[in-house]
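**Q** Read off the chains here:
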Amino acid sequence: MNMVLIIIGMAIVTYIPRVLPLTVLEGKELPPFFQGVLKNIPYAVLGALIFPGILFIQPDDIWFGIAGAAAAFILAFLGADVMIVVLGAIAFLSVYMLMGG
Amino acid sequence: MQMAAVSEQKSGFKAGIKAGISIAVGYLPVALTFGLLAKTTGLTLFESVLMSLLVFAGAAQYISLSLIAAGAGAAVIIFNTFIVNIRHFLMSASLNEKMEPETRAKKSLYAFGLTDETFTVIATREGKTTTGFALGVMLIAYGSWVVNTGIGHVIGASLPEFLQQAMSIALYAMFVGLLVPSLKKEMKVAYLAGLAAVLNSMFTLTGLLDTGWAIAASTLISAMAVEVLTGLRKGAALK
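Going down the list, the sequences are from chains A and B.
Following full-length UniProt numbering, the numbering of the first sequence begins with 1 at its first residue and continues without gaps.
Following full-length UniProt numbering, the numbering of the second sequence begins with 1 at its first residue and continues without gaps.
Chain A on its own, in the form it takes in the complex (with noise of 0.2 Å):
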């Protein structure tokens, strides 16, 4: 019982920062200078989320990291569809490992 109010406990403050700007702001005309700044944080947060994750995913060998980043970089690059590039991804992953790499 005691598990499911902590659950309770931590939907609650997951939701506050999720549900707050996009309810309070629905209709507001913000000052220009952050209207940019929000329109620039989708291309900032990529970056973030990509950088340096991506060259951890396997901790102990950097080169796989390094392989798949590779792999989907260049197969975005080329222009493939969102998920081609996450299913090329991790073919050449796959590959990359039953080759002993």
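The set of hints was computed from the structure by calculation and includes no laboratory data.
Only a predicted model underlies this, so the values are computations on that prediction, with no experimental measurement involved.
We put the CB at the ideal spot given by N, CA and C, even for glycine.
Keep in mind that the hints are not guaranteed to be accurate.
Keeping only pairs whose Cα atoms sit at most 30 Å apart, straight-line, the calculated DSS-like set for lysine-lysine is [said to hold, decoys possible]: (1) K14(B) with K98(B); (2) K14(B) with K184(B); (3) K39(A) with K128(B); (4) K28(A) with K188(B); (5) K28(A) with K234(B); (6) K39(A) with K184(B); (7) K39(A) with K188(B); (8) K14(B) with K39(A); (9) K28(A) with K106(B); (10) K18(B) with K234(B); (11) K18(B) with K188(B); (12) K234(B) with K39(A); (13) K39(A) with K39(B); (14) K39(A) with K185(B); (15) K28(A) with K39(B); (16) K98(B) with K28(A); (17) K14(B) with K106(B); (18) K234(B) with K185(B); (19) K14(B) with K128(B); (20) K28(A) with K128(B); (21) K184(B) with K18(B); (22) K18(B) with K39(A).
What follows is a list of derived Cβ distance ranges for each label pair [to be verified]: (23) P32(A) with A75(B): 38 to 48 Å; (24) D210(B) with S94(A): 25 to 35 Å; (25) I66(A) with M187(B): 16 to 26 Å; (26) F46(B) with A70(A): 41 to 51 Å; (27) P32(A) with V154(B): 44 to 54 Å; (28) K188(B) with L78(A): 41 to 51 Å.
Reference listing, derived: stretches of chain A covered by chain B, where coverage requires no fewer than 3 residues with Cβ under 8 Å from a Cβ of chain B [as the list claims (entries may be wrong)]: (29) 17 to 27; (30) 35 to 45; (31) 50 to 61; (32) 69 to 77; (33) 85 to 95.
Given chain A, work out where chain B should sit, using these hints.
**A** Chain B alone, transformed into the frame defined by chain A:
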């Protein structure tokens, strides 16, 4: 008329489901392992699935398991959950600029589905995004997260070792797949992602900040710095 119907469909619920499939694939190994770890930490199947159902936040859920295993109290676990998810303030505010106008009730509903992954998929689309599209992306991601948590707990194992390892690239590959097309179009995107990547690497590798704070700080600093610099350049061009 027909054109309108087609474009409606492209940006609606079904299109959202389709765009969210890569998240569902990426969540598969992460959720299976979460279910497995939750079981070994002593959580029942009900508690494990309930956590994924109500919290729906990977990093926070993993951290809660290590805190539970270490015997931490409820207040510590809940406080850490809040800290790890503080970055969602930024994403929620940014998403608000992206979404079509909508009632606060519906926005409160889809706000629940905001994760790093659903946010990046929705926010990197061109133009305004519909509520239906956001719901589609979130629903399939959520389904994968909850169902695979249950499966991981029940079968008590994750994928075969090599597949589990290969699939650990999935979410990162998705982020790359979302970033690169914009990168090719606009130099500004390269500055934004590059600066945030360097800052986040500095913050985490030096141990200066924990992951949650590091992502929030590097994102905000990069987004503001690039905005100031592009503003200055425009100002200079006007003179």
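**Q** Now tell me, hint by hint, if it's right for this structure.
**A** To see whether the hints hold, each was checked on the structure:
1. Taking the CA atoms of K14(B) and K98(B), the gap is near 19 Å; set against the 30 Å cutoff, the hint holds.
2. Distance hint between K14(B) and K184(B) is fulfilled; the C-alpha atoms sit about 27 Å from each other, no more than 30 Å.
3. Distance check on the hinted pair: K39(A) and K128(B) sit about 12 Å apart at the alpha-carbon level, within 30 Å; holds.
4. Between K28(A) and K188(B) the alpha-carbon distance is near 26 Å, which keeps this suggested pair within the 30 Å criterion.
5. With a C-alpha separation of about 25 Å, the suggested pairing of K28(A) with K234(B) holds against the 30 Å cut-off.
6. A threshold of 30 Å between alpha carbons decides the hint, and for K39(A) with K184(B) the separation of about 18 Å falls inside it, so the pair holds.
7. A C-alpha spacing of about 12 Å is found between K39(A) and K188(B), which places the hinted pair at or below 30 Å, so the restraint holds.
8. For the given pair, K14(B) sits about 25 Å from K39(A) by alpha-carbon distance, which is consistent with the 30 Å threshold.
9. A hinted pair counts as satisfied when its Cα atoms are at most 30 Å apart, and K28(A) with K106(B) qualifies at roughly 17 Å.
10. Taken as a hint, the K18(B) and K234(B) pair is broken in the structure, with Cα atoms around 39 Å apart against an allowance of 30 Å.
11. With a CA separation close to 28 Å, the supplied pair K18(B) and K188(B) stays within the 30 Å bound.
12. Simply put, K234(B) and K39(A) have alpha-carbon atoms about 17 Å apart, close enough for the 30 Å limit, and the pair holds.
13. A threshold of 30 Å between alpha carbons decides the hint, and for K39(A) with K39(B) the separation of about 41 Å lies outside it, so the pair is violated.
14. Pair hint K39(A) plus K185(B) holds up; C-alpha atoms about 16 Å apart against a cutoff of 30 Å.
15. Annotation: proposed proximity of K28(A) to K39(B) is violated, straight-line Cα distance about 45 Å (limit 30 Å).
16. The suggested pairing of K98(B) with K28(A) holds, with an alpha-carbon distance near 13 Å, which does not exceed 30 Å.
17. Taking the CA atoms of K14(B) and K106(B), the gap is about 18 Å. The hint holds against a cut of 30 Å.
18. With a C-alpha separation of about 19 Å, the suggested pair K234(B) and K185(B) falls inside the 30 Å cut-off, and the hint holds.
19. For the given pair, K14(B) sits about 17 Å from K128(B) by alpha-carbon distance, which is consistent with the 30 Å threshold.
20. Between K28(A) and K128(B) the alpha-carbon distance is near 16 Å, which keeps this suggested pair within the 30 Å criterion.
21. For the given pair, K184(B) sits about 23 Å from K18(B) by alpha-carbon distance, which is consistent with the 30 Å threshold.
22. A hinted pair counts as satisfied when its Cα atoms are at most 30 Å apart, and K18(B) with K39(A) qualifies at roughly 24 Å.
23. Range check, P32(A) to A75(B): about 42 Å between beta-carbon atoms, so the 38 to 48 Å window is met.
24. Roughly 32 Å separates the CB atoms of D210(B) and S94(A), a value that falls within the hinted 25 to 35 Å.
25. The given range of 16 to 26 Å is respected by I66(A) and M187(B), whose C-beta atoms sit roughly 25 Å from each other.
26. Between F46(B) and A70(A) the C-beta distance comes to about 43 Å, which sits within the given range of 41 to 51 Å.
27. Checked against the hint of 44 to 54 Å, the pair P32(A) and V154(B) passes, with Cβ atoms roughly 52 Å apart.
28. Evaluation of the 41 to 51 Å hint for K188(B) and L78(A) yields a failure: the beta carbon distance comes to about 22 Å.
29. Chain B is given as covering the region 17 to 27 of chain A, and this holds because 10 residues of the stretch bring a CB closer than 8 Å to a CB of that chain, at least three being needed.
30. Given a C-beta distance limit of less than 8 Å, the hint that chain B covers the region 35 to 45 of chain A holds, as 11 residues qualify and 3 suffice.
31. With a cut-off of 8 Å between beta carbons, the region 50 to 61 of chain A has 7 residues touching chain B; three or more are needed, and the interface restraint holds.
32. Coverage of a stretch by a chain is defined here by at least three residues with a beta carbon nearer than 8 Å to that chain's beta carbons; for the region 69 to 77 of chain A and chain B the count is 7, and the condition holds.
33. Interface restraint, the region 85 to 95 of chain A with chain B: holds (9 residues with C-beta to C-beta distance below 8 Å; minimum three).
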